[in-house]
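Protein chains: 2
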Amino acid sequence: MEHYPEGKRIVIVGGGFGGLAAARALRGLPAEITIVDRQNHHCFQPLLYQVATAVISPADIAWPIRFILRGQHNMRILMAEVTGVDTQAHLVHTDSVTLPYDYLVLATGATHFYFGHNNWAPFAPGLKDVEDATEIRGRMLLAFEHAELTTDAAKQRALLTFVIIGGGPTGVEMAGAIAEVALKTLPKEFCTIDPRSARIILIEAGPRILPSFPDHLSEYAKQTLEKMGVEVWTSSPVTDVDMNGVIVKSERIEAGTIIWAAGVQASPAAEWVGAPHDQNGRVKVKTDLSIPGHPEIFAIGDTAQVFYNDGQQVPGIAPAAKQMGAYVGKLIASDIEGKPRPGPFVYHHQGDLATIGRHAAVVKLKFLGLTGFLGWLFWSIAHVYFLIGIRNRVVVALTWIWQLFTNQRGARIIALPEHVQDAKKRADVV
Amino acid sequence: MEHYPEGKRIVIVGGGFGGLAAARALRGLPAEITIVDRQNHHCFQPLLYQVATAVISPADIAWPIRFILRGQHNMRILMAEVTGVDTQAHLVHTDSVTLPYDYLVLATGATHFYFGHNNWAPFAPGLKDVEDATEIRGRMLLAFEHAELTTDAAKQRALLTFVIIGGGPTGVEMAGAIAEVALKTLPKEFCTIDPRSARIILIEAGPRILPSFPDHLSEYAKQTLEKMGVEVWTSSPVTDVDMNGVIVKSERIEAGTIIWAAGVQASPAAEWVGAPHDQNGRVKVKTDLSIPGHPEIFAIGDTAQVFYNDGQQVPGIAPAAKQMGAYVGKLIASDIEGKPRPGPFVYHHQGDLATIGRHAAVVKLKFLGLTGFLGWLFWSIAHVYFLIGIRNRVVVALTWIWQLFTNQRGARIIALPEHVQDAKKRADVV
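Quick note, the sequences are listed as chains A and B, same order. Using the numbering used here, the first residue of the first sequence is number 918, and each one after it goes up by one. Using the numbering used here, the first residue of the second sequence is number 918, and each one after it goes up by one.
Treat the hints with care, as some may be off.
Copies of the same chain are indistinguishable here, so a pair counts whether it falls within one copy or spans any two.
[Unchecked claim] In silico DSSO-like links for lysine-lysine, alpha-carbon gap of 27 Å or less: (1) K1201 with K1256; (2) K925 with K1256; (3) K1166 with K1247; (4) K1105 with K1247; (5) K1239 with K1105; (6) K1101 with K1247.
Worth flagging that the hints you see were computed from the coordinates, not collected in a lab.
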């Protein structure tokens, strides 16, 4: 890093889409910028479900933050976990170093939210980082392995039942992909069980899946999933989750694999800075994304509660985080360069995308709606385009083409953390 | 699986090179064959060091055993851990099912051997499966991250010291690859530390590294490593290992990362069947690889002690395991088909290969010795050829070409098991 002893110190917490966009907007500025993240890598979350369903490897969608920002000479990157912020002394405390700041950008993202039932977490992992994805992959593949081993018909049935809680894009993508695994990838490889008999249930508390899409695309997604054998249960709030199943309304479903795609909550950034926040922990920022009373602290991406149009909430998706990061970076640069701050942040919604398996997707842009294979093609090209690095783009594109023709999935490794293995053994699933 | 109620039941324990070769040699036989492995995947161990040093992903060198053998209709694959064998009742016991057998093939491989110091294991992980590889990758990358965070010069020095114990092919490959990481991949990405100042020490108890190669190739490897800044310590037995370093003879080296590439021992297969074994646990098999007193039980690969030529021990490498697996498969097929058993097993040594970083390798075949870039090219083509599946071959070849031109490593993810993270925190390394 080049040093600017007189320059402002900018600390960005989080190397996700928002944090990276802010860092890039500060490129070339005579300031000392630090990105702190507890991981060493940025993760391309929109493709995490493909890691969880054994198509691609974690490294295909994760890059060291240092590598991404290596050309930016006013930056340093630290791998550390933030433990708190002293807004009076302008200090960020971490588990190792303490960082003074003149500007602070909180881009800490979101985590799973179990609606107050944190005890459900060990049984229904969510999908937010590569560790989550490899864990879900391991659980899903292990369920088929254990089903092959058991001779108890009821256990076998439970092991071949996959419950996905939450009918947003992640839930729909997971349900479609697990159906493909069961129907296309595995059938010829087992002796005792027929993987095609797997029961896949997508459970949504609201009246329809993909609520951010227009009605007819929700209906299309539902029908496509049902054609693949997925049971889509709408208006079905989950009332309990344990190691061996879920309760929906008053019906119990025995299930060997449960995946949480229902709720997210912001990281505790609001608490660090004592800012007002909504029930999901999102900071209630001002129109310039700064925190009330602190024009030097900003919250962006999933950490912030922002509205657009007629009071709609800006969704927790990558383009929104990027736009906020770029805006805040530009605002800080204006300050430092002595220019007036830009006007309020304005969100531009570019559209919604979700795949639904079987090389089909739903795409809803402003002037374009696509479904089926065309939708999938659009989705694929868009996602390959947004990956980082030529090698990863080539590898992911090749892998998808290969999968299109063979139905194979090349990343079928079961490597579960010890506590999950232990729990599985305790549950005596076999 | 097709059922042959009158057919013989053959159980193969282990889906490594030996087990797979045996299974393939039994293709089409009217028998019921079961492969049991505690993992769901076969791992191409010769490239594990490339996973450990962040070049390729685990899935590039690991395939589900079911997928590999999917076309073989007399087989079933079970993911289970063998707990013992009842040689009287002809039963294999596992943690879930019990398997009766007429023929039993023990192809359980080897694990790390700490020469009686099992307490060294948590501090100096070895490299035998994909979990080991991702752990070593995480430890190596985390050492650079922690060095960047600390302001204590002595700690920084220790964190940037990498000790590899054992000068065989794995140790040489790891030392060369870590030197490349420090010299080529990371330099421009850090602010506080200079990764090029990393100290990499390859420690060998014997008088020279690569003892299975001719003298001049050992010397070439040593010089090549030294040119890359690796310290090569020969005749240097390690006398102690702890969380923060090693003792070699009476000198203590503080090291943040310690890797074990020194000794291996066979799995406990010899104990399961009560067979005579050497001090490393290898079963002392007869010339047809069967176990004394049990013509229906065979031990192959790293599980067996076999000699060739003038009493040299068959090395623990993939081609040896494959040859033994194919031999035993053929022998069992002869039995079942009522043909005479083939003559004694004869090992054909095809050669020795090892890379030493910087796109250099040493190759020693019967009529061919190669070093440098030509050696590396030969090594690369041979290894791509032996990978399974077109997709993996293409991806690995592309990745190597990309790395050749960019010096980048695309799989730099730190994802450590919890017990390692906890230990690192307890050690207060930062």
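Here's how the hints hold up against the structure:
Taking CA atoms no more than 27 Å apart as the test, K1201 paired with K1256 passes inside one copy only; the shortest distance there is 26 Å, against 82 Å between copies. In this assembly of identical chains, the alpha carbons of K925 and K1256 lie at most 27 Å apart only when taken from the same copy (15 Å versus 85 Å across copies). Taking the closest pair of Cα atoms, K1166 and K1247 never come within 27 Å of each other, the shortest separation being 49 Å inside a single copy and 59 Å across copies. Only between protomers do K1105 and K1247 lie at most 27 Å apart by alpha-carbon distance; the minimum there is 26 Å, versus 55 Å within a single protomer.
Taking CA atoms no more than 27 Å apart as the test, K1239 paired with K1105 passes between copies only; the shortest distance there is 26 Å, against 44 Å inside one copy. With identical chains, the CA atoms of K1101 and K1247 are never at most 27 Å apart, being 48 Å at best within one copy and 34 Å at best between copies.
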